[in-house]
Structure formats: structure tokens, C-alpha cells
Amino acid sequence: MKNITFTYRKMIFLLGCVFTLIVSCERELSDEAVFATFPTTAEVFIDAPVGLGTNFYFPYNGSKATAWTVDSEVSYQGNASMRFDVPNANDPDGNYAGAIFRIDGDGSGRDLSGFDALTFWAKATQAVTIGEIGFGEDFGENKYVTTRTNIDLTTNWVKYVVPIPDPSKLIQERGLLRYSAGGIGPVGNEVGYTFWLDEVKFEKLGTVAQPQPVILNGQDVIQQTFNGSIINLAASGLTQTFNVSGSNVTVNTTPAYFLFASSEPSVAAVDENGLVTILKKGTANVTAELAGVLAEGSLEVTSSGNLPAPPVPTQPAANVKSIYSDAYTAVTGSNFNPGFGGSTTQISEADLNGNKVQIYSNNNFTGIIFDSTVDASALSHLHIDIYTQQSSTSVEVQIRDVGGNGEIETNVFTGFPDGDDKDFRFTISGLTPGTWTSVEIPLDGDLAAQKNNLGALILAGGPDFILDNIYFYSE
Amino acid sequence: MIKKHKYKMRTKQVFVLLLLTVSFFVISSCETDETQTVANFTELVMSDEFNVDGAPDATIWGYDIGIGDNGWGNNELQYYTDRTENVTVQNGVLIITAKEEQFNGSSYTSARLLTKGKFEQTYGRFEARIRVPYGKGLWPAFWLLGDDSNGTQVWPQIGEIDIMEYVGDDPTRVFGTVHGPGYSGAEGITKSLELDGDRFDTGFHVFGIEWGPDYINYYVDDVLYNQITPEDVPGEWVFNRGPFYIILNVAVGGALPGSPNAETVFPQTMLVDYVRVYKNSYNQ
Numbered sequence: 288m289k290n291i292t293f294t295y296r297k298m299i300f301l302l303g304c305v306f307t308l309i310v311s312c313e314r315e316l317s318d319e320a321v322f323a324t325f326p327t328t329a330e331v332f333i334d335a336p337v338g339l340g341t342n343f344y345f346p347y348n349g350s351k352a353t354a355w356t357v358d359s360e361v362s363y364q365g366n367a368s369m370r371f372d373v374p375n376a377n378d379p380d381g382n383y384a385g386a387i388f389r390i391d392g393d394g395s396g397r398d399l400s401g402f403d404a405l406t407f408w409a410k411a412t413q414a415v416t417i418g419e420i421g422f423g424e425d426f427g428e429n430k431y432v433t434t435r436t437n438i439d440l441t442t443n444w445v446k447y448v449v450p451i452p453d454p455s456k457l458i459q460e461r462g463l464l465r466y467s468a469g470g471i472g473p474v475g476n477e478v479g480y481t482f483w484l485d486e487v488k489f490e491k492l493g494t495v496a497q498p499q500p501v502i503l504n505g506q507d508v509i510q511q512t513f514n515g516s517i518i519n520l521a522a523s524g525l526t527q528t529f530n531v532s533g534s535n536v537t538v539n540t541t542p543a544y545f546l547f548a549s550s551e552p553s554v555a556a557v558d559e560n561g562l563v564t565i566l567k568k569g570t571a572n573v574t575a576e577l578a579g580v581l582a583e584g585s586l587e588v589t590s591s592g593n594l595p596a597p598p599v600p601t602q603p604a605a606n607v608k609s610i611y612s613d614a615y616t617a618v619t620g621s622n623f624n625p626g627f628g629g630s631t632t633q634i635s636e637a638d639l640n641g642n643k644v645q646i647y648s649n650n651n652f653t654g655i656i657f658d659s660t661v662d663a664s665a666l667s668h669l670h671i672d673i674y675t676q677q678s679s680t681s682v683e684v685q686i687r688d689v690g691g692n693g694e695i696e697t698n699v700f701t702g703f704p705d706g707d708d709k710d711f712r713f714t715i716s717g718l719t720p721g722t723w724t725s726v727e728i729p730l731d732g733d734l735a736a737q738k739n740n741l742g743a744l745i746l747a748g749g750p751d752f753i754l755d756n757i758y759f760y761s762e
Numbered sequence: 353m354i355k356k357h358k359y360k361m362r363t364k365q366v367f368v369l370l371l372l373t374v375s376f377f378v379i380s381s382c383e384t385d386e387t388q389t390v391a392n393f394t395e396l397v398m399s400d401e402f403n404v405d406g407a408p409d410a411t412i413w414g415y416d417i418g419i420g421d422n423g424w425g426n427n428e429l430q431y432y433t434d435r436t437e438n439v440t441v442q443n444g445v446l447i448i449t450a451k452e453e454q455f456n457g458s459s460y461t462s463a464r465l466l467t468k469g470k471f472e473q474t475y476g477r478f479e480a481r482i483r484v485p486y487g488k489g490l491w492p493a494f495w496l497l498g499d500d501s502n503g504t505q506v507w508p509q510i511g512e513i514d515i516m517e518y519v520g521d522d523p524t525r526v527f528g529t530v531h532g533p534g535y536s537g538a539e540g541i542t543k544s545l546e547l548d549g550d551r552f553d554t555g556f557h558v559f560g561i562e563w564g565p566d567y568i569n570y571y572v573d574d575v576l577y578n579q580i581t582p583e584d585v586p587g588e589w590v591f592n593r594g595p596f597y598i599i600l601n602v603a604v605g606g607a608l609p610g611s612p613n614a615e616t617v618f619p620q621t622m623l624v625d626y627v628r629v630y631k632n633s634y635n636q
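Read top to bottom, the protein sequences are chains C and U.
With the working numbering applied, the first sequence corresponds to residues 288 to 762, in that order.
With the working numbering applied, the second sequence corresponds to residues 353 to 636, in that order.
With the Cβ distance kept under 7 Å, some of the chain C side facing chain U (calculated, not the full set):
| id | residue |
| --- | --- |
| 1 | GLY493 |
| 2 | THR494 |
| 3 | ALA496 |
| 4 | GLN497 |
| 5 | GLY533 |
| 6 | ASN535 |
What the hints contain is simulated information worked out from the structure, not anything from laboratory work.
Glycine included, C-beta positions come from ideal geometry on N, C-alpha and C.
Here chain U stands alone, though its shape is the one from the complex (with noise of 0.2 Å):
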């Protein structure tokens, strides 16, 4: 399926060369399917290849556990833990898995982790190459929020970029969105990339975010499918200053994918073989 998107930019480029004479779209003839050039920024500076079995390297993730205020703002519907059972590394991948289980009053469990504190950034290029899990009420999300500057800062003000989101019961579709001061929550700026003829949780697709000033670019794969600038949002761009942090979770439940249903399977994994982070190369 990726051939088959490499086969169409390739006949499009053409046209998009000449039509956008957007310069990041740069497609060059690929070799293998974890190569993107939808994005330019090419220096490394932070990465975690997942190749050490066991816990996840503590130097750069922490853990949100508990079910947060209102369930993490959202009605979720799982406790995160930092148990092995809901987060491991294994064979090369990080391991997030959703269970159906009784703990601590939830009737799920899961697992969230977070830079915050450890990897913080402004700017630059953040991806990952991420399997997600399928079934109604899974709610993967790969995702930046901005440092809340020891809480003197609250979201939305603190502004948030969500690289890469996914309802379980839309197996072929992602979507990118902001939120920030007068976007926040159903109203964030938002698009969807769907696939034709495939899912997203049958196998792995690198989702990013090319990040500068006064502008987001979001890719997944080696389709560059949105642009979002301070023209996009009705209100403060607060992406001008950071620096913000990742996040990697699975939910279950909550207002946006609704609860799991009698088709869904648990235990259901989210697997993540990579995240790197580049350098902005033009501004820093």
C-alpha cells in the first residue's frame, strides 16, 4: 500500500511542483518504506530505537498512572500504570497494551508516557513509527504538549500538537490537530489523512510533525497531508514558544471514540519502533 501512494505522488509531482511550488514537498524515488521526505529537518537530536528489552529507558520517559481529573479531561475509562503488563519493551518495539481488567475502581487499564521533564523541545521535526490497535472505543495518540512552566500555565494556553490520533472503529483513518487558547477541544484545528485500501493497525506508518515558526506540517508515511499556520487558528498562536514534550498513550473510552463495544477485543496493543526527534535546521 505504501508502493501505492509512492506511485501516485510520483505521477503527481509534477503537478504539485509546478501548482504549489510548495518546497517541502520534495518526493525523491524511495527505497524503502520507513523513507519519508515529506520533511527537511535532518538533524538528530534525540532518539529512542527501542532496542533494549524491558522497562522503557527512564532517562527519557516518565508516566503519567492514575485516571487523572474527569478522567484526563476526557471521560477515559482506564487507569494508567507503569506495570510491565501495560508497558514494555520487546523485541525492538515499545509494547503499550490496553487491558479489560478491575484496578483500582477502573474497568481498564493502560499505560501513558511522557518527555515532560526529560525531553523538552521547541521546533524541529518529531516522529514516530507506530502500529496502532484497532476495536470501538481504542483512542491511541502520539502527541506534544507544551510545558506548563511549573503550573504557572494552563492548557490550552500552554498549547498542544497531536501528531498522530486514532479512533479504533476508523481503522483507515489518522488525523492531526492544535489546540490552543479559543481551539481547544472539539473545536482544535484538525485534518484527517485516509487510507485507500488499507489500516493503519495491520501494520507499521511513520507519523510526524515538521514544526517552525508560524507553522506545522504534518506528514504521515510520505504524504505531506496538512499545513497549519496562524492564519488556520481563530485565536493566539502559541506554538511560537515552548518548549513542549511528547506523549505516547493508549485510552479507552472517553467522549471522542465512545465506549469499547461487544466487538472489541482486549487485550489490544499500540507498538511504536521508534521516536526520533531533529533539530529545526533553518532557525536554530
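Chain C on its own, in the form it takes in the complex (with noise of 0.2 Å):
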């Protein structure tokens, strides 16, 4: 197949030229020369790989990379099935399984256009969920990554069907198979086990209908915000459920396979990685649609023109350690949007002319988790920048030190930590609208004694606000 595709593009020129110049009322075949075609095979693994080449399989950073074999004493169908190790937590060669299958060869690809969705039989040593199963990625543009979550796995052959959002875009698509999967048991002690998938390859079903894409959790969310930021309408994740033969498959997409729309440009410009743009003052409604279906859900984002700009920090770099400031250079990346369940946060990062703001809206509980810990043992303060518009602002910041392990851990019927963890709590209020405040918080309390792993800032209330130069320093 490849040698044809191969032979047949290099004449493409050739032939164009040709019949352009000589029977060029053939129309039909003069067309067809001029779009390069790829191969319509559905099979991904039946019995053996197929078609994808000699070097297709790239483990994910951390997984145990050689989790995926060939075994051929176990299979659905035929003599041979993809077994799939994961291990123990403690494995020293990566704590769990999760890979990608790509077509080999730079250029290749599948049309997959004429399929309805990805299906494969799977069974486990023992009833599992496994986390992630999809396709669509291929560690290049990763553009119409798809994946089922969840997926319960039982001791039985049961087969399972990954829909595809819209077929019409996989005209050449690499990453035919996708998957991530952990340890069974408590964080940190997860317990191994094996899957097998069978029978691995796209189909057209015929049964996957009604097509109902969500963006936003398919909220119409109300977002108050200034010139200059940036809303991702991906990072609450994109969606798209089918009804596949009475009940419904959800999966998760990417923005390529939607078409986002503002009703007002000039004000609020969308892009198409689903990036809204806030250009000026006013108002304006962004909504999404997948092959023709709106989506539920909708973004009516309000600017209220120019933010003033934040205070420019005054302390030396050396007394800092910045979590969040353009002024100083981070000691640790952070996750700016946990996506704490029950929360409901809208969470957005401005640009004002280079300077960075994090913008609150509808602040319920969120976070600004560290990727890892900050020693503040020599540290006495947290200094945050904060501006809002209304004078009942008020916001709880909670300074958290999750202790040697790690973890935040929290009594989920208290809400103060548990475990190893302690944390000192805070309350800015009485700001004045319009204006930044610098507020310096004394990492006092149970901190005084326990602060070199500080591993988040959870923020409560609000429930509008904006942040910057978030760091922590010594007087």
C-alpha cells in the first residue's frame, strides 16, 4: 500500500500536467489527481499489528514501556490478542501502562473517514476500570486525540466502542490506538494487574446516532473580564456523546473537531483551538458547534475595557520564591485550574502588555496547586496583588503544607487538612473597587512550625477577583 501511495504521488505533477495540457475536459480524473488518498483499512491488531509499520509503539513518559506485548495464548478471536501489563506502583520502570500506536513513516496516515467509531473485545484479570482508552494521537499536532474514560473491564470478552466525533476530519490520521492505565489501591500503593484487547479496528456501526457536543460542561457561562485575556474554552474539556445502540458514549475531543463562533468579533475573537481573545469593550456570546450540531454550553464574556496595571514587585529576587509573577522566576510550575469537584470557578489568564493576570470569576473553592513543593522554612510571607470591582470582595486563601508525602490531604468533613498536612488561613477583604491591593499574609499558625512543603494555595470566596505577583519571601 505504501509503495502505491509512494509511486502514485510522486506522479501526481506528472499526471496533472498531462491531462491538464491534453484532455482537459477529463475532468473527473484531473480532480482526483489533485487530493493524495490514504489507505481505508480498518484493522488496527487482529491477530499481528496491521499496517502499522515497524516502529508504531511510543509509551508515555513514567509508563513501563514495555507493559504492551503480543500473547498468543490468550485472544478473542483467532491465536493471538495485545496483552497489557500494568504494574505495581513501586515498578522501577514506571509506576503505570500508557501508550500510543502510530503508523510508521512521517506523511502516512489512514482515511478513516468512512468509519463511525473505534471497537475492540477486552477482558482483565479481574474487573478493573481502565482509565483511558482512544485514538487520535500521534505526538505531532495531537489534533483529534479521542479518548473514552472510565472504560469497566471485566473477567469476560465484552466489546467495546470508542464513537468518533466526526469522521469526516480523520482523512489521514497516524494515531490509531491510544490507552493509559494505573494501578488497582490507595495513591502510591496501586496494585498491578493484566488486560487483553482483541479484535482492535474501526467500524462503521451504523448504531452510533444523536450526536450531543458539549463545551464548558454545557453550562451558559457568564464571565466578566478585561481587555487583553485569554479564555480557554478547552481547558473545562470539550465532549462528545452519541447515543451508541440506547445509551450513551461519551468521549473527550479536542478543539480541531469543533467550530467556534463569537457574535461579536471586534470584541471577543475566537480562534480555532478555542481560545477566545478579549479585544475591547463590550459584550459577546461564543458558541461551538460539532458537524453541524451546536453544542450545549455557551461563553457570554463581558469586558469592562482596560485593567489598571498591577504593582511592580520590590523585592529582591534573592529574599523570593515567586509562584506567580513576571517580575521573578517561578520555583515551581502550578495548576492554576484543579477542576475541584463542585466547583464553580471560571479561571482565565490575561495579557496586559506583556504582564500576566489570573482572572477569578464566580469563585466558589479552586486552587493553585504546585507541581512540587516550596521550602519556605526561611520564608516569612506570602505577598498576593489583588484588584476587583466590587467592595464586598472577600477571599479566604489558604496556605497549605502537605507535609512529607506529598499529598493534600483533607477531612472531607472538616475541610481542614488531615494527615501530615497543616495550613494557615486568611482573609482579604475591605479592597477598595478599582484598585490593585498588595496584601502581605505571615505564614503564621500551625505554619510557624511546618512550612517547608507548601504545596497549595486553596481560595474560597470571592467571588471576583483578580491576581498577581503571588510569591513568597523573607522581611
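Now that you have both chains on their own, put them together as the hints suggest.
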């Protein structure tokens, strides 16, 4: 197939010229010659990998690279299956299993537009929930990554379906399969198991119907912001749901499947990645559709104009461990959108002439989770610059030390730190609307004795405020 | 998908004719999706093509209103109305809409049209082209009930012929059933037809029966999938008398489909492109 494709493509130019010049009335052939087409092969793995080439298995960073093998002892049909040995948490070669299966060769790919789902049969050594199985990831643009999450396997062979959000997009797809699976049990002590996939292929089932695309978790979000801010519609997840033979199957998707639109592009422009850029004062409504079906969920964004510039930090860099500031280098990356269950918070980052700020809207509770802990044993304060437009704004900042185990542990009944965690809570209020206020929070209370593993800032209430220059320092 | 069925039927045709020698299995080469030749009666006596926008033709259709007794005998959840929101004709199709709304103490509304007292017939071919709704709890039907002789006879003695029933959480399957004395309710004589690689809620399909003395033949599109005769029923055959009238409805909930669940999307619509009735050309 590869040879044919190559030959064909080399010939395109010549053929095009010849037929255009000599038999220009032969529309069909010259039209055809314009487009390179890719194989429509359905199979990914039957008794062996199908049409993937030589170099096709690419494990994720940190996963056990040898987790996948071909098992000729076990199969649903034929004489072999794909076997995945999910490692124990303490496996030195990697504490989970995960990889992509990508067709070998730049410029390769398959035309999957004639199918409506990836299907496979699967079973495991015990009843287990597999985190992610899907397709569309190629470690290139990863344009059409599609994933079904939390797939419950049993010890018997069962057929599973991963619907294609919009098959017409997949005319040259290299990423035919992806998976990610962790062990079972408490965090840090997971125990491994084995699962098998067989008869992995793309199919035109004809029973995948009634699409229900969703953005912004299906909510009609109203957000107030400022010029220069950028709101990522994909941050809260983009999904496509189909009714498959009577019950719903939802897959996570990428912006590339969607068509985004703004009612006022001069106020809020939205690009093909779902990034909404606020350009001037006014209100715009941003919506999306997938394969002609309007997505549930929308964004009504109102810009109040230009945001005043935040204060410039004055602490010498040597005295600072920064989390978020343009004045200092951050000591750790942080997750500003942890997606806590029950959180109503909308978070966006605005770029004001090169100075970035975090805009919080409709906050009940959210957090800034540090990628690695911060040792503040020699430091005395947390600095935050905060801006609000309402005099009633009141934000509680909880500075959390996560202890030696590095886990955020919270008592679900009281909301207070559990295990080896400690925190200090400080409420910011009495702010003057329309101006920036610098807040210096002492590392007091329980943190006075334990502040060498600071792991997060929890932000409760508000509900609408803007933060900048978040750093720990010593006086 | 229709085409696939036809292809299959043609390849099977020789065997079918040889083995079964059933004269009803006359399968010609097919031209359009709407064509089916599994039936023989061709003398049209009534049809509603639903070509006039607005309320359905009052000379053909009446309505059941309300919740009946025990949810029309099945603990159904909907309140039937004749409001435009629940029943209307637009763009050449009859639209029955099941809505989720509080209405006279019910949580859902829908519509049930019937030709009782307006069009009734014994024997013949009853056919409709329908696209059904989907989702757990939806229960559309195209069916016939025997006339009750001004209330002197009661179900199941009057007889019931369900030409098409379907539940919304099984979108690839429809079923046809007869009910009579000794074989009513869950004991009805039934058979289902399942599509391979297609669904009933994504396109129109033709549902019909051809009914004569001592037989009822069931078909979907160009597939004749069942014949019921007096030998198949454990009680009295109540279908050699009549007349029977037509009912089109969309029920919500009840014993058969179960209640709607979190995945059920409302409103849901059943679209009917036409209803056609042909005379029994053998015996009348």
C-alpha cells in the first residue's frame, strides 16, 4: 500500500500536467489527481498489528515501556491478542502503562472518514476500570485525540465502542490507538493487573447516532473580564456524546473537531483552538458546533475595558520564592485550574502588555496547586496583589503545607487539613474597588512550625477578583 | 442500509422461494427506499399523506385526551393533549411531540391520535412510514384496536394488532404483536425485527401488516418478518371480524419501556410521513 501511495504521489504532478494540457475535458481524472488519498484499512490489531509499519509503539513518559506485548496464549478470536501488563506502583520501570500506536513514517496515515467508531473486545484479570482508551494521538499536532475514559472491564470478553466525534475530519490519521492505565488501590500503593484487547479496528456500526457535543460542561457561562485576557474554552473539557445502541457513550475531544463562533468578533475573537481573545470593551457570545450540531454550553463574556497595571514588586529576587509573577522566575510550575469537584470557578489568564494576571470569576473554591513543594522554612510571608471591582469582595487564602508525603489530605467532614498536612488561613477583604491592593500574609499559625513542604494555595469565596505577583518572601 | 437489506433479500430470494414457496415473498428489483413489495393488496381506500400544515385532518383523526385509567392501562406517565405543541402537521409530516413539562399533574405531555368512528376496516393492508424518537422511556406505536360495539365488548376480546412498537433504549429493534383473549398484555404473540447496522430513530422506515382471514403478515420496509395465524394464538382468534381503527401515539414511561432516565433528551418526536390503508383484494 505504501509503495502504491508513494508512486502515485510522485506521479501526481506529471499526470496533472499531462491531462490538463492534453485532455483538459477529462475533469474526473484531473480532479482526482489533485488529492492524495490514504488507505481506508480498518484493522489495527487482529492477530498482529495491521499496517502499522516497524516503529509504531511509543510509551508515555514515566510509563512502563514494556507493558504491551502480543499474547499468543489468549485471544477473543484468532490466535493472539494485545496484552497489557499494568505495573505495581513501585515498579522501577514505570508506575503505570500507557502509549500510543502510531503508523510508522512521516506523511503516512489512514482515511478513517468512512467509519464511525473504534471498536475492540477486552477483558482483564479482575474487574477493573481502565483510565483511557482512544485514538488520534500522534505526538505531532495531536489534532484529533479522542478518548473514552473510565472503561469498566470484566473478566469476560466484552465489546467496547469509542465513537469518532466527526469522521469527516479523519482523512489522514496516524494515531490509531492510545491507552493509559494505572494500578488498583490507594494512591502510591497501586497494584498491577493484566488486561487484553483483541479485534481492535475501526468500524461503520451504523448504530452511533444522536450526537450531543458539549463545551464548558454544558453551562451557559457568564464571565466578566478585561481587554487582553484569553479564555481557553478547551480548559474545562470538550466532549462529544453519542447514543450507541440505546445508551450514551461520551468521549473527550479536541478543539479541532469543533467550529467556534463569536457573536461580536471585534470584542471577543475565537480561534480554531478555542482560545477567546478579548479585544475591546463590550459583550460577545461564544458558541461552538461539531459536525453541524450546536454544542450545549456557551460563553457570554463582557469586557470592562483596560485593567489598571498591577504594582511592580520591590522585594529583591534573592529573598523571594515566586509562584506567579512577571518580575521573578517561578520556583515551580503550578496548576491554576485544578477542576475541584463542585467548583463553579472560571479562570482565565490575561496578558496586559506583557504582564500576565489570573482572572477569577464566580469563585466558590479553587486552588493553585504547586507541581513541586516549596520549602519556605526561611521565609516569613506570602505576597499577593489583588484587584476587584466590588467592595464586597472577600477571599479566604489557605496556605497549605502538604507534609512529607506530598499529598493534599483534607478531612472531608471539616474541610481542614488531615494526615501530615497543616495550613494557615487568611481572609482578604475591605478592598477598594477599581485599584490593586498588595496583601502581605504572614506564614503563621500551624505553618510557623511546618512550612517546608508548601504545596497549594486554596482560594475560597470572592467571587470575582484578579491576582498577580504571588510569591513567598522573607522580610 | 435499506439497500443492504435488499441485497441480502435478493441473494436469498432463490432459497426463500424454493424452500418456503410462500407467495407473499415476491421481491422485485427495488427502485426507491419507499418501495416495498412484500404485500399484495394495492387498492388504496384511505390515505393521509400529511401534506397540509396545521392540525391533522379532522375527518380522519380524533384524539384520546388525559391519562386514561392507570396511565392507559400501562402506568404511562404522559398526559395526552391535542395541543399544537404535542401534535401538528408540518412540511409533509405528522409530528407527535413528547415533552417534559408539568401539565395537569403529569410530568410529560404527548399525543394519541385515533381513527375510531372516522375510519375503521376489517382486513386489508395498513401501512405507515415513520421515524421514531429515541431515549429510555419513549414508547411510540402504530397499532389497531377492534371496535368495541358501543362499549358492549371490552379489551382484550375486541382484539389488538400492534403493527409497530419500539422502546427508545433499543433503537435498532421494533416489534409487532397481537393481543386477544388468553394472549393479552405480556402474553401477546409477538416478534421483533432488528436492523443490522442501522437504527429506527435516524431515518424513516415503512411499517405494515397485510391482514386477511386467519392471517396477519408483518413487514418492515422490504422485509416480511412474521406471519401470525390462529394456530399461533392460545385463545380465540378475534381478527376475523371487525372493524378495527388506527392509533398513532408516543407514550412516556410505563411498564414496558420503564421511566425516562438522565440520558433521555426531551422533547422527542415521532414523524409520520404517511398512513395508507388498502383493501383486502382477495376476500372483499
